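Here is what each chain is made of, one letter per residue.
There are 6 protein chains.
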Amino acid sequence: MRINGRKEDEMRKVRITRNYTKYAEGSVLIEIGDTKVICTASIEEKVPHFLKGRGEGWIACEYAMIPRATKVRKVRESSRGKVDGRTMEIQRLIGRALRSVVDLNALGEKTIWIDCDVIQADGGTRTASITGAFVALVDAIDKMNRCRRFKEYPIKDFVSAVSVGISREDEVILDLDYIEDSEAKIDMNIVMTSAGEFIEVQGTGEKRPFTRDELNILLDLSEKGNKELIRMQKEALKENYLLTKK
Amino acid sequence: MRINGRKEDEMRKVRITRNYTKYAEGSVLIEIGDTKVICTASIEEKVPHFLKGRGEGWIACEYAMIPRATKVRKVRESSRGKVDGRTMEIQRLIGRALRSVVDLNALGEKTIWIDCDVIQADGGTRTASITGAFVALVDAIDKMNRCRRFKEYPIKDFVSAVSVGISREDEVILDLDYIEDSEAKIDMNIVMTSAGEFIEVQGTGEKRPFTRDELNILLDLSEKGNKELIRMQKEALKENYLLTKK
Amino acid sequence: MRINGRKEDEMRKVRITRNYTKYAEGSVLIEIGDTKVICTASIEEKVPHFLKGRGEGWIACEYAMIPRATKVRKVRESSRGKVDGRTMEIQRLIGRALRSVVDLNALGEKTIWIDCDVIQADGGTRTASITGAFVALVDAIDKMNRCRRFKEYPIKDFVSAVSVGISREDEVILDLDYIEDSEAKIDMNIVMTSAGEFIEVQGTGEKRPFTRDELNILLDLSEKGNKELIRMQKEALKENYLLTKK
Amino acid sequence: MRINGRKEDEMRKVRITRNYTKYAEGSVLIEIGDTKVICTASIEEKVPHFLKGRGEGWIACEYAMIPRATKVRKVRESSRGKVDGRTMEIQRLIGRALRSVVDLNALGEKTIWIDCDVIQADGGTRTASITGAFVALVDAIDKMNRCRRFKEYPIKDFVSAVSVGISREDEVILDLDYIEDSEAKIDMNIVMTSAGEFIEVQGTGEKRPFTRDELNILLDLSEKGNKELIRMQKEALKENYLLTKK
Amino acid sequence: MRINGRKEDEMRKVRITRNYTKYAEGSVLIEIGDTKVICTASIEEKVPHFLKGRGEGWIACEYAMIPRATKVRKVRESSRGKVDGRTMEIQRLIGRALRSVVDLNALGEKTIWIDCDVIQADGGTRTASITGAFVALVDAIDKMNRCRRFKEYPIKDFVSAVSVGISREDEVILDLDYIEDSEAKIDMNIVMTSAGEFIEVQGTGEKRPFTRDELNILLDLSEKGNKELIRMQKEALKENYLLTKK
Amino acid sequence: MRINGRKEDEMRKVRITRNYTKYAEGSVLIEIGDTKVICTASIEEKVPHFLKGRGEGWIACEYAMIPRATKVRKVRESSRGKVDGRTMEIQRLIGRALRSVVDLNALGEKTIWIDCDVIQADGGTRTASITGAFVALVDAIDKMNRCRRFKEYPIKDFVSAVSVGISREDEVILDLDYIEDSEAKIDMNIVMTSAGEFIEVQGTGEKRPFTRDELNILLDLSEKGNKELIRMQKEALKENYLLTKK
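Residue numbers (UniProt numbering), protein chains in the order written: chain A, 1 to 246; chain B, 1 to 246; chain C, 1 to 246; chain D, 1 to 246; chain E, 1 to 246; chain F, 1 to 246.
Just so you know, these hints were derived from the structure itself, not from any lab.
No experiment lies behind these values; they were computed from the predicted model shown.
Note that CB positions come from ideal geometry on N, CA and C, so glycine has one too.
Among the hints, erroneous ones may be present.
As the list claims (entries may be wrong) - In silico lysine-lysine, BS3-like type, Cα no more than 30 Å apart, as pairs:
| # | chain 1 | residue 1 | chain 2 | residue 2 |
| --- | --- | --- | --- | --- |
| 1 | E | Lys110 | F | Lys185 |
| 2 | E | Lys156 | F | Lys185 |
| 3 | E | Lys156 | B | Lys52 |
| 4 | B | Lys7 | B | Lys234 |
| 5 | B | Lys82 | F | Lys74 |
| 6 | A | Lys74 | B | Lys143 |
| 7 | C | Lys52 | F | Lys52 |
| 8 | F | Lys71 | E | Lys110 |
| 9 | B | Lys110 | C | Lys185 |
| 10 | F | Lys238 | F | Lys143 |
| 11 | A | Lys156 | A | Lys110 |
| 12 | C | Lys52 | F | Lys46 |
| 13 | D | Lys22 | F | Lys71 |
| 14 | C | Lys71 | C | Lys13 |
As the list claims (entries may be wrong) - Sample of chain E residues facing chain F (criterion: CB under 10 Å; computed from the structure):
| # | residue |
| --- | --- |
| 15 | Thr21 |
| 16 | Ser79 |
| 17 | Lys82 |
| 18 | Met88 |
| 19 | Asp157 |
| 20 | Ala195 |
| 21 | Glu197 |
| 22 | Phe198 |
| 23 | Pro209 |
| 24 | Phe210 |
| 25 | Arg212 |
| 26 | Asn216 |
| 27 | Leu219 |
Assemble the whole structure, with the sequences as input and the hints as a guide.
This is how it looks when you write it as C-alpha cells:
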C-alpha cells in the first residue's frame, strides 16, 4: 500500500471533460487525481517560418502553470521575462508526442496550437497534458474535417503518457503524485501508442542509478497505465467516427 | 432588449465558487455569464524591497489570460518575453482596488499575492477579477486570522466592480459582454464599496465624447450593479464572522 | 490658499512653445509651472501591422522621463530592459485621447508618432503631455496638409487634459503639483474637447473612497481648467486656419 | 556497413585532451570523430540562492555552440537575448548526469560550473559533453583535494554517455554522426556508470514508434559504447589516485 | 569655406547653461550649434556591487537621445528592450573621460550618475556630452563640498572633447556638424585636459585609411578646439573657487 | 626587460592555423602567445534589412569569449540575456576594420558573418581577432571567387591590428599580455593596412593623460607590430593568388 492508499499498480481517478471552454476548436479539462490541466487546440491558418511553402502543417505546444497551481506560489514566467528550462523541456516533449501520431502532410499548411495550462499540480502534469491534449487535438481536427473533408484523416494513432517510478521505499509504482514524485529514487515518463509501442522513454536516476531489471519492471507497469489511459480517451471520444474506426 | 436578450439594467448570472483549487490560502472561481476567472490569494512572508522594515504589508496583483480564453488565440506573454500594456493597466487597477479596502499596517510585513487568471473571456474580465479576488482575499486573511488573531481585522469594507456603457444603439447598458464591449461608444469601469462610494471611476469615449448627463446615468447604473455584486459576495462569504459583522 | 500660494481653482502658469526642436514635423515644449515636456509629432509613411491595407492611419504614443526629471533619479527603462506599468498606462491614455479627435480614415495609411519626453516633472506630466502633444499633432498634420491637401481635414476637435483632486486638507483643487499629488486623497485626470464633453474620466480614491457629490465638484473644476488650456492651445495655434475656423 | 564506413557497433575515434586551456581548474578537449567540445570546470566559492546555508555544494552546467560549429551558421543566443529550448534541455541533462555521481554534501558550499562549448558539431554533442565534462570535473575536484583534503572524496563513480539509434535503413547503430542522427528513425541517449547501471535513458521515436525488442537491442549497444568511453576516461585520468582506486 | 559657411578651424557657437533643471545636483544644457544635450549629475549614496567596501566612489554615465532628436525618428531603446552598440560605446567613452580627472578615492563611497540626454542631434553629441557633463559634475561635487568639505578636492583637472575630421573635399575640419560627419572620410574624437594632454584619441578611416601626416594635422586642430571649450567651461564655472584656483 | 621576459618592442609568438574547423567558408585559429581566438567567416545569401535592394554586401561581426577563457569565469551573455558594452565595442571595431579593406559593392548582396570566439584570453583579444578574422575572410571570399569569379576582387588591402601601451614602469611596450594590460597607464589599439596607413587609432589614458610625444612613440611601435602581423598573414595565405599579387 502506498502513502496515498493506492496499490502499486493503481492509477488515480481520471476524468476527461470535452468542450470545457467555448472558443477553442478543441478544449479539454483532464483531471488525474488532483492534477488538473486545461488543454486547448487552436487552428491557425499559417505555419511557422521554417515550413512556409512546403504544404505541410505543424503542431506547436505550450505549457504553463497558473502561479498557485503549486504548493508554493511560482513566479509567473511573463513577469520573469523568460520561460524556464523545465517548461521548455515539457512543451518540447508534448509537441514531439503529438506530432508523432499526426500526418503533418495531410494537415496542409496549418498550425495547430496546443496549450496546456495547469490549474492544479499534484504530480504528472506533463503526462496528463499529453493525454488530455491528444483529445483536444482530435476534436480540433474533427472540426476541420467537418468543414472540408481531409483526403486522408491526419491522425494515425492514439497517444498517451504515464509516469512510473521507484519510491523511497523501493517499490515500483504507477502514476506518481506530487509527494511520491519528489521523493522517488527513479522517475520515468513513458509515451505510448494504442499498439503498445513507445514514442518516448525518459528515465532518470534521481537518487541512485538503476539496473536493467528495474527498467524492465518499470516499462511493464507503464504499459498497463497507458492502456488504461487510451481506453479513457476512446471512451471520451466515442462518437468520433473516423478515429475510433481505426 | 439587448442582442443578448438582457434588459438594459440586467446583469449576467454571477456565480462565486470558493476553495476552487486546493493549495492557495484563498481560491475563487468567479463566473459572470461566460466570463470565468480563477482568483487566488497567496501569502508570502515578506514585503517588496521598497517596504522593507516599515512594518506594513502589501497586496500585489497579477492578471493573465490563458491563450485561448479569447476568440482568437493570444500569444502568451511569457513567449513574447514581456507583459503588454493592457495587462499592466488591469493588474494595477486590481491592486489599487483591493488595497483601498485593506489596512496594510494591520497586515504586518507580509505580501498577499492576488493572481487573476482568465479561463474564458466574454467581456468584463477586469471587473470580474476585482469582485472575485476580493472574496479570495477575505479567505486568505481569514486563514491568517485563525492562525494568529489580528489586533485589528485588516479588511475595512467590501469592494466590487462593474462595467457600464453606451451601446452602438445609444442605449445605456449594464455589465457588457464581449460583443457589446467591442462595439460600445462609451465604456466605463466603476469600483465601489458597500457604502456606495467610489474607489475608482474610469470612463472612455471610445467612439465619441460623452456629456455630463450621460456620465450621470452611467454612474447610477453602476451603483445598481455593484450593489448586486456585493450582495453576492456577502452571500458567498456568509460564515465569515468578522467581515459580515461589519 | 494652497501650500504653493495658489487659489483652489487656480492653474499654474502655462507656456506652449511651438517649433521647439528642428527635425520633427511638430515639436512643442509645454511648461505648466515647473513641469516641462517636449512633445514631438513625427510622420511615418506606414501603419502598424494590424492596420495594413485598410487605408486608415494611426497615432502611436510614447512617453518617457529623462532620469533626473524627478527628485530622485529614476533608472532608465532602456537599462532595465522594459517599460514599466505607469509608463504604459500613460502612453495608452495619451494615444486614446489624441486618436479620439482625429479622423484616422482621413489620414490615409500613415502613422503619426507622438513622443512626450518629460524634462522636469512637478506633477501633471500626463495631462501636460496630452495638452502639448495636441499642438504638435496639429502642426504635423498642417505640414502634411500643405504638401498634399487632405480631402477632409483630419482633426475634428481640440483636446486637452487637466488634473483635479481633493487635498490632504480636504480642499478641492485644480492642477496639482508634485507635492499636492503625492498627498492627495482623491486624484482625477479629465480629458475634454472644446465643447466641454468628456473623452476620458479617471478618478481614484488614493486614501479614501469618494462620494457622488465630491465627484461632481471635481468634474466642475476640471471643466474650468480644460477651458483655459484649450484657450491657450488656440492662442498658440492662432495662424492655423483650418483648425481654428472650426 | 554504414555510410561513414563504420560497423554498426563501432564508435568513432575518441580523444580526450586534459589541461586544454590554462585558467580553468579542469579543462578538457574531447573529440569524438569530428565532434569537438571544450569542457571546463570552474570552482566558485558560493552556492546558488536556493542552497545557501545548507552546507551542500552544487554543480551548474551550461552548454553552447560557437555559431559556426554547425553546417549552417546558428544565430548566437546572446544576440537573440535568450537560450533556446534545445540548449536548456541539454544543459539540464549534463547537470543531472554529473550531479548523480558526486556527493554534494562532501563538496561543501561551493559551486562547480561546468561549461561545454562546442567548437565543431558532428552529432552526439550532448553525450560527448557529459563524457568530457566528467574528466574536467575530476581534475577540478582533484585540485580542490590537493589544497584542502576532503574528508570523503566527493566523486562516487564514473559517468559517461553515448547515443544509439535505428538508422534510415533500419540498422541498429552506435554513436551516430550528424547525418545519421538527422535521418534516424529512433534516437536514444544513454548515460551510464562504470558498473553499467543507468543514470538516464532518453529514447525518442523520431519517425516511427519502437517496440520493446528494439529498445532492448539499443540498450545492449549503449552498454558497449559506454564501457569503451569509461575505459578512455580512466586512461586519460590514470594518475588520478583517489578516483581510479575506487 | 565649408558648406555651413564656417572656416576650417572654426567651431560652432557654444553655449553652456547651468542649473537647467531644478532637481539634479548638477544640471547643464550644452548647445554646440544645433546640437543640444541636457547633462545632469546625480549623487547616489552607494557604489556599484564591484566596489562595495573599498571606500572608493564611482562615476556612472548614461547617454540617450529623445526619439526625434534626429532627422529620422529613432525607435526608443526602452521599446526595443535593449541599448544599442553605439549608445554603449558613447556612454563608456563619457565615463572614462570624466573618471580620468576625478580622484575616486577622495569621493568616498558614492556614485555620481551622469546622464546625457540629447534633445537635438546635429553632430558631435558625444563630445558635447563630455564637455557639458564635466560642468554638471563640477556643480554636483561643489554641492557635496559645501555640505561636508572634502579633505582633498576630488577634481584634478578640466576635461573637454571635440571632433575633427577630413571632409568629402579632403579638407581638415574642426567640430563637424551632422552633414559633414556623415560624409567625412576620416573622423576623430579627441578628449583633452586643460594642460593639452590626451585622455582619449579615437580616429577612424571611415572611407579610406589615413597617413601619419594627416593624423598630426588633425591632432593639432583638436588642440585648438579643446582649448576653446575649456575656456568656455572656465567662464561658465567662474565663481567655482576650488576648481578655477587650480 | 619586461616581466614576461620580452623586449619592449618584441611581440609574442604568433601562429595562424587555417581551416581550423570544417564547416565555415573561412576558419582560422590565431594564437598570439596564450591568447587563442577561433575566427570564422560564413557566407549568407542575403543582406541586413537596411541594405536590401541596393546590390551591396555587408560584413557583420560578432565577438564572444567562452566563460572560462579568462582567469575568473565570466557569466555567459546568453544567460544574462544581453551583450555587454565591452563586447559591443569590440565587435563594432572588428566590423569597421574588416569593412574598410573590402569593396562591399563588388561582394554583391551577401553578408559575410565574422565570428571571433575567444578560447583563451591573455590580452589583445580584439587585435588578435582582427588579424585572424582577416585571414578567414580572405579564405571565404576566395571560396566565393572559385564558384563564380568576381568581376573585381573585393579585397583591397591587408589589415591587421596590434596593441601598444605605456607600462606601470613607464616603458613603451608592444603587444601587451593580460597582466601588462591591466596595469598599463596608457593603452592603444592600432589597426593598419599593409601600406602602413591607419584604419583606426584608439588610445586611452587609463591611469594618466599622455603627451603628443608619447603618442608618437606608441604609433611608431604599432607600425613595427603591424608589419610583422601582415607578414604572418601573407605567409599563411601564400597560395592565395589574387590577394598576394596585389
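So, going through the hints one by one against the coordinates:
Restraint check for Lys110/E and Lys185/F: the C-alpha separation of about 25 Å stays at or below 30 Å, so the hint holds. Annotation: proposed proximity of Lys156/E to Lys185/F holds, straight-line Cα distance about 17 Å (limit 30 Å). Only pairs whose Cα atoms come within 30 Å are accepted, and Lys156/E paired with Lys52/B is rejected, the gap being roughly 40 Å. Proposed proximity of Lys7/B and Lys234/B is supported: the alpha carbons are some 25 Å apart, at most 30 Å.
Using a Cα cut-off of 30 Å, the hinted pair Lys82/B and Lys74/F holds, with the two alpha carbons roughly 27 Å apart. Restraint check for Lys74/A and Lys143/B: the C-alpha separation of about 20 Å stays at or below 30 Å, so the hint holds. Note on Lys52/C and Lys52/F: the hinted pairing holds, with a Cα-Cα distance of about 21 Å set against a maximum of 30 Å. Annotation: proposed proximity of Lys71/F to Lys110/E holds, straight-line Cα distance about 29 Å (limit 30 Å).
A C-alpha spacing of about 25 Å is found between Lys110/B and Lys185/C, which places the hinted pair at or below 30 Å, so the restraint holds. Between Lys238/F and Lys143/F the CA atoms are separated by roughly 15 Å; this keeps the pair inside 30 Å, and the hint holds. Simply put, Lys156/A and Lys110/A have alpha-carbon atoms about 17 Å apart, close enough for the 30 Å limit, and the pair holds. Under the criterion of a C-alpha separation no larger than 30 Å, the hint pairing Lys52/C with Lys46/F is consistent with the structure, at around 25 Å.
About 9 Å separates the Cα atoms of Lys22/D and Lys71/F, which keeps this hinted pair within 30 Å; it holds. Taking the CA atoms of Lys71/C and Lys13/C, the gap is near 21 Å; set against the 30 Å cutoff, the hint holds. Violation of the interface hint for Thr21/E is found here, the shortest Cβ-Cβ separation to chain F being roughly 27 Å, above the 10 Å cut-off. Interface restraint check for Ser79/E: the shortest CB-CB distance to chain F comes to about 15 Å, outside 10 Å, so the restraint is violated.
Interface restraint check for Lys82/E: the shortest CB-CB distance to chain F comes to about 6 Å, inside 10 Å, so the restraint holds. Using the Cβ-Cβ criterion of 10 Å, the hint placing Met88/E at the interface with chain F is satisfied: the shortest such distance is roughly 4 Å. At about 8 Å, the closest approach between the beta carbon of Asp157/E and any beta carbon in chain F falls short of 10 Å, and the interface hint on this residue holds. Given the 10 Å rule on beta carbons, the hint for Ala195/E holds: about 7 Å separates it from the nearest Cβ of chain F.
Checking Glu197/E against chain F by beta carbon gives a least distance of about 4 Å; that is within 10 Å, so the hint holds. A distance limit of 10 Å between C-beta atoms decides the matter here; for Phe198/E the minimum to chain F is near 5 Å, and the interface restraint holds. With 10 Å as the threshold, the beta carbon of Pro209/E comes within range of chain F, its nearest partner Cβ sitting at about 4 Å, so the hint holds. Interface hint at Phe210/E: satisfied, since its Cβ lies 5 Å from the closest Cβ of chain F, which is below the 10 Å cut-off.
Restraint check, Arg212/E versus chain F: the minimum CB separation of about 7 Å is within 10 Å; hint holds. At a threshold of 10 Å, the smallest CB-CB gap from Asn216/E to chain F is about 9 Å, leaving the interface hint in force. The restraint placing Leu219/E at the interface with chain F holds, with a minimum CB-CB distance near 7 Å, inside the 10 Å limit.
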